[in-house]
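Taken in sequence, the protein lines are chains A and B. Residue 290 in this note's numbering sits at position 290 of the first sequence; the count goes up by one each step and never skips. Residue 28 in this note's numbering sits at position 28 of the second sequence; the count goes up by one each step and never skips.
Mixed in with the good hints, there may be bad ones.
The list treats identical chains as one, so a pair stands whether inside a single copy or across any two.
What the hints assert, rightly or not - Okay, derived cross-link-like pairs now, BS3-like style, lysine-lysine, Cα gap no bigger than 30 Å in a straight line:
1. K211 / K243
2. K388 / K265
3. K439 / K57
4. K243 / K219
5. K319 / K7
6. K350 / K177
7. K350 / K211
8. K57 / K123
FYI, nobody ran anything at the bench for these hints, they're computed from the structure. None of these values were measured; they are calculated from a predicted model.
Protein chains: 2
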Amino acid sequence: MDANLAKPFTSIVGESNIKNSQAQLLAYSYDATANFQAKPDMVLSPKSTEEIRDIVKICSKERIPIISRGSGTNLAAGTVPTQGGIVLLFNNMNKILELDEENLTITVQPGVITQDLSNFVEKHNLFYPPDPSSMKISTIGGNVSENSGGLRGLKYGVTKDYVKALTVVLPNGEVLKLGGKLAKDVAGYDLLSLLVGSEGTLGIITEITLKLIPLPISKKTGIAYFNSLEDAARTVSSIIAHKIIPVTLEFMDKGTIGAVEDFMKIGLPRDAEAMLLMEQDGNAEQVERDIQTMIAIAEKEGATSTVMASSDEEAEVLKTGRRAALSALARKRPTTILEDATVPRSEISKMVRAIQEIAEKYNVQITTFGHAGDGNLHPTCLTDVRDKEEMERVEQALAEIFHVAIELGGTITGEHGVGEMKAPYLEWKLGESGIDLMKAIKNSIDPLNIMNPGKLFAKETKMRLVIHNG
Amino acid sequence: MDANLAKPFTSIVGESNIKNSQAQLLAYSYDATANFQAKPDMVLSPKSTEEIRDIVKICSKERIPIISRGSGTNLAAGTVPTQGGIVLLFNNMNKILELDEENLTITVQPGVITQDLSNFVEKHNLFYPPDPSSMKISTIGGNVSENSGGLRGLKYGVTKDYVKALTVVLPNGEVLKLGGKLAKDVAGYDLLSLLVGSEGTLGIITEITLKLIPLPISKKTGIAYFNSLEDAARTVSSIIAHKIIPVTLEFMDKGTIGAVEDFMKIGLPRDAEAMLLMEQDGNAEQVERDIQTMIAIAEKEGATSTVMASSDEEAEVLKTGRRAALSALARKRPTTILEDATVPRSEISKMVRAIQEIAEKYNVQITTFGHAGDGNLHPTCLTDVRDKEEMERVEQALAEIFHVAIELGGTITGEHGVGEMKAPYLEWKLGESGIDLMKAIKNSIDPLNIMNPGKLFAKETKMRLVIHNG
Numbered sequence: 001m002d003a004n005l006a007k008p009f010t011s012i013v014g015e016s017n018i019k020n021s022q023a024q025l026l027a028y029s030y031d032a033t034a035n036f037q038a039k040p041d042m043v044l045s046p047k048s049t050e051e052i053r054d055i056v057k058i059c060s061k062e063r064i065p066i067i068s069r070g071s072g073t074n075l076a077a078g079t080v081p082t083q084g085g086i087v088l089l090f091n092n093m094n095k096i097l098e099l100d101e102e103n104l105t106i107t108v109q110p111g112v113i114t115q116d117l118s119n120f121v122e123k124h125n126l127f128y129p130p131d132p133s134s135m136k137i138s139t140i141g142g143n144v145s146e147n148s149g150g151l152r153g154l155k156y157g158v159t160k161d162y163v164k165a166l167t168v169v170l171p172n173g174e175v176l177k178l179g180g181k182l183a184k185d186v187a188g189y190d191l192l193s194l195l196v197g198s199e200g201t202l203g204i205i206t207e208i209t210l211k212l213i214p215l216p217i218s219k220k221t222g223i224a225y226f227n228s229l230e231d232a233a234r235t236v237s238s239i240i241a242h243k244i245i246p247v248t249l250e251f252m253d254k255g256t257i258g259a260v261e262d263f264m265k266i267g268l269p270r271d272a273e274a275m276l277l278m279e280q281d282g283n284a285e286q287v288e289r290d291i292q293t294m295i296a297i298a299e300k301e302g303a304t305s306t307v308m309a310s311s312d313e314e315a316e317v318l319k320t321g322r323r324a325a326l327s328a329l330a331r332k333r334p335t336t337i338l339e340d341a342t343v344p345r346s347e348i349s350k351m352v353r354a355i356q357e358i359a360e361k362y363n364v365q366i367t368t369f370g371h372a373g374d375g376n377l378h379p380t381c382l383t384d385v386r387d388k389e390e391m392e393r394v395e396q397a398l399a400e401i402f403h404v405a406i407e408l409g410g411t412i413t414g415e416h417g418v419g420e421m422k423a424p425y426l427e428w429k430l431g432e433s434g435i436d437l438m439k440a441i442k443n444s445i446d447p448l449n450i451m452n453p454g455k456l457f458a459k460e461t462k463m464r465l466v467i468h469n470g
Numbered sequence: 001m002d003a004n005l006a007k008p009f010t011s012i013v014g015e016s017n018i019k020n021s022q023a024q025l026l027a028y029s030y031d032a033t034a035n036f037q038a039k040p041d042m043v044l045s046p047k048s049t050e051e052i053r054d055i056v057k058i059c060s061k062e063r064i065p066i067i068s069r070g071s072g073t074n075l076a077a078g079t080v081p082t083q084g085g086i087v088l089l090f091n092n093m094n095k096i097l098e099l100d101e102e103n104l105t106i107t108v109q110p111g112v113i114t115q116d117l118s119n120f121v122e123k124h125n126l127f128y129p130p131d132p133s134s135m136k137i138s139t140i141g142g143n144v145s146e147n148s149g150g151l152r153g154l155k156y157g158v159t160k161d162y163v164k165a166l167t168v169v170l171p172n173g174e175v176l177k178l179g180g181k182l183a184k185d186v187a188g189y190d191l192l193s194l195l196v197g198s199e200g201t202l203g204i205i206t207e208i209t210l211k212l213i214p215l216p217i218s219k220k221t222g223i224a225y226f227n228s229l230e231d232a233a234r235t236v237s238s239i240i241a242h243k244i245i246p247v248t249l250e251f252m253d254k255g256t257i258g259a260v261e262d263f264m265k266i267g268l269p270r271d272a273e274a275m276l277l278m279e280q281d282g283n284a285e286q287v288e289r290d291i292q293t294m295i296a297i298a299e300k301e302g303a304t305s306t307v308m309a310s311s312d313e314e315a316e317v318l319k320t321g322r323r324a325a326l327s328a329l330a331r332k333r334p335t336t337i338l339e340d341a342t343v344p345r346s347e348i349s350k351m352v353r354a355i356q357e358i359a360e361k362y363n364v365q366i367t368t369f370g371h372a373g374d375g376n377l378h379p380t381c382l383t384d385v386r387d388k389e390e391m392e393r394v395e396q397a398l399a400e401i402f403h404v405a406i407e408l409g410g411t412i413t414g415e416h417g418v419g420e421m422k423a424p425y426l427e428w429k430l431g432e433s434g435i436d437l438m439k440a441i442k443n444s445i446d447p448l449n450i451m452n453p454g455k456l457f458a459k460e461t462k463m464r465l466v467i468h469n470g
């Protein structure tokens, strides 16, 4: 990037909102993804839609890549500036602009931390359900760009189900306002949904209006341990067959249970093959009925032990294990790769079993936890990026996991996004005509390819694997 | 269209599935929209995705327009073949293919009648919430293409919230499978949402997988009459402020109440300025609490009378009036134009008042009913298409209604679609850059413009009106 360009960018954002020392560029050269790193040319912190518009106009003229970045928690290298250019931060655009209690909406800037937004609306007895595990540090702008999921997805859906309006700066520098505080709007193509989850490749989101719902009054938590994956999977199916849609239905396999127990020493049964954490929210009577029914179902399907929390404090204790899963696993080896292969709910036990077999086959360490209710699993690979030979086996194992997920009617990513890491696998899910359609759309909106280039679209698609025999 | 082309099309669909007599072409020359009519060149009833693929390949080569048509209930001329070509029917593709009770999905062909689908899943204690008023005759394919709404939109959302997977024949004849039986999937752009509501302009939908939810156990209905629009609007706001999201919250104005009473003679209070029909569903205790609270709120906000149904039969009686609204109005004049200007919930009373003023200003007859909870109003204009002078005033009045809706943060169509009728007004909502973006997408997917040409994109945008003084 032409060094003379620092000047016009500085005049837009001001001296204090530009970072370009080597140390600063290094700090924004990676996100939460292992094995991806590249320095940007400049890091800018604009203060308004207008400043972003002016930045984009220069980038369009000079063909400079722009990478929007929230808190950098991305797990698919979606925010690594692999082709250099400008990293755009939203630390100066982190205000809650309006809570509209009559239309049940909140309007915010992209830099608001998701947990802060959640806490803010709950004080008003309102509820923003999407709860990605990173919500304590992730930004709502990042959540919208990635269409983030979370633990409550089964009952309440994901981020896209709550986005009502967006202000977007298009690659040509035009500012577009999409949607409104409307429950229904069919005026033209659903551009709003196209932008949500587009991972910064179609435009820069500068203002967000989200739908809220009333805060559920009551909540109950239970837990069940099983001697076999199949018993746990049957419990999940039976809960749904009983027409109960719990707010969360979380799963940990034996490897994860063991790692958590090593880490926390809270008395988890190390011999259990599977654990289900069950929660329901809503009005008190229904919550009580549902949690009782779920515990009874678990017992009927062969749970070796069950616990029902009798207070919020006890519920917190039960949840501690699941919450600590990633940290507990991450301390075991230098590198943690958290995946999110997702399958139809009916295929969970097949998928978990396949993951175990694949880990054995490639002699790598993979344990699985995740959201059982919505089939969104997190196979977590513990490895060491410095060991090239092992990393090759890891990559083969993960490719085979994606392959099996798709064979089972699933997808390569349920909530983390494609980024650059999974781009070579996207064609497995969408087919060549799906990729062509995406490329046509990308090219029609961002013909100069300045918006987060290298993401979603791979230079080369990985060869398809021979069909798995599991 | 070249007469020789009947032969290859006949060889695809078979002799009995092609219609091209003048009487048959006349039958498919219009839909439910007043004042739009044009004959197609041919009407085809394919039996499979493969047949549709073969039809599209010929159409692409010969640049023949294709208009997908369900039951022709479109209210925005979306299914009128205004540029000739082929009307595609789905009467041979009307099967329910699979109910998956474990993943809570149903897979159907596009020609299934929405009510049949709804009845089918309810027998299994499952629920498909979208309920457009036309559901007794409309097809699910039409609903998906239009992203249809309905009375339960406030609580349960609209069609797009339930579409999990689609098979689509693209304009180039490629067959694309999008989505899956997944609660979470972020693999690439949300092409599924782009297709839903695209009004047949991007591809032909040939198979649909929909999400289902458990059927609510209990349901209660109440009704309230008011002396002023503002009292009714305050009731709606207060219900939401009490954190109640009712399943339906329907509204009729004085004109509609009078028309229904003329028609049905069921003893509605002709002097009431507004009526609210309130329904809640869910578990029995919560439903009972909510309906009691809603009635109490209505009384507090000045309702002149309220009724709570004590049985399902009584509830049916209360609903009769609202259900008969359109029929009651339609019998008054030769032509009925049903609009669906939609505003944020907080702006309902302003919008209804503005509609009344606009009707007076242009000396036309417009009454309003609709979905108060989600701001989706149905101003209904009673007129006579043969009276050109009156029709000109009607068009001016409707244009001003769209204008006010947008000024109030609303949209020109909440659930009916843009079609050809509202295309000239779309730019008012999306702006020039929004239209440009839509055009870029359309052109990238359907460069030959064979998919329902003339819809969504107008040759000319209507001039903006001077701002309304209401």
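- Query: What label fits K388 with K265 when the C-alpha limit is 30 Å: within, between, both, or neither?
  - Reply: This pair counts as neither: shortest intra-copy Cα distance 33 Å, inter-copy 83 Å.
- With 30 Å as the alpha-carbon cut-off, assign the pair K350 and K211 to within, between, both or neither. Between copies only: 22 Å across, 36 Å inside.
- Message: Regarding K57 and K123, is the shortest C-alpha distance of 30 Å or less found within a copy, between copies, in both, or in neither?
- Response: Answer is neither: 40 Å inside a copy and 57 Å across each miss the 30 Å cutoff.
- Checking K439 and K57: alpha-carbon separation at most 30 Å within a copy, between copies, both or neither? Both, since 23 Å and 22 Å are each at most 30 Å.
- Pop the pair K350 and K177 into one bin, within, between, both or neither, using alpha-carbon distances up to 30 Å. between (44 Å within a copy, 23 Å between copies)
- Is it within, between, both or neither when you check K243 against K219 at 30 Å Cα-Cα? This pair counts as both: shortest intra-copy Cα distance 18 Å, inter-copy 17 Å.
- Message: I want to check one pair: K211 and K243. Are their C-alpha atoms no more than 30 Å apart within a copy, between two copies, both, or neither?
- Response: Result: close both inside a copy and across copies, 26 Å intra and 14 Å inter.
- When no copy is specified for K319 and K7, does a C-alpha distance of 30 Å or less occur within a copy, between copies, both, or neither? neither (51 Å within a copy, 67 Å between copies)
Consistency note: the structure conflicts with the earlier hints numbered 2, 5, 8.
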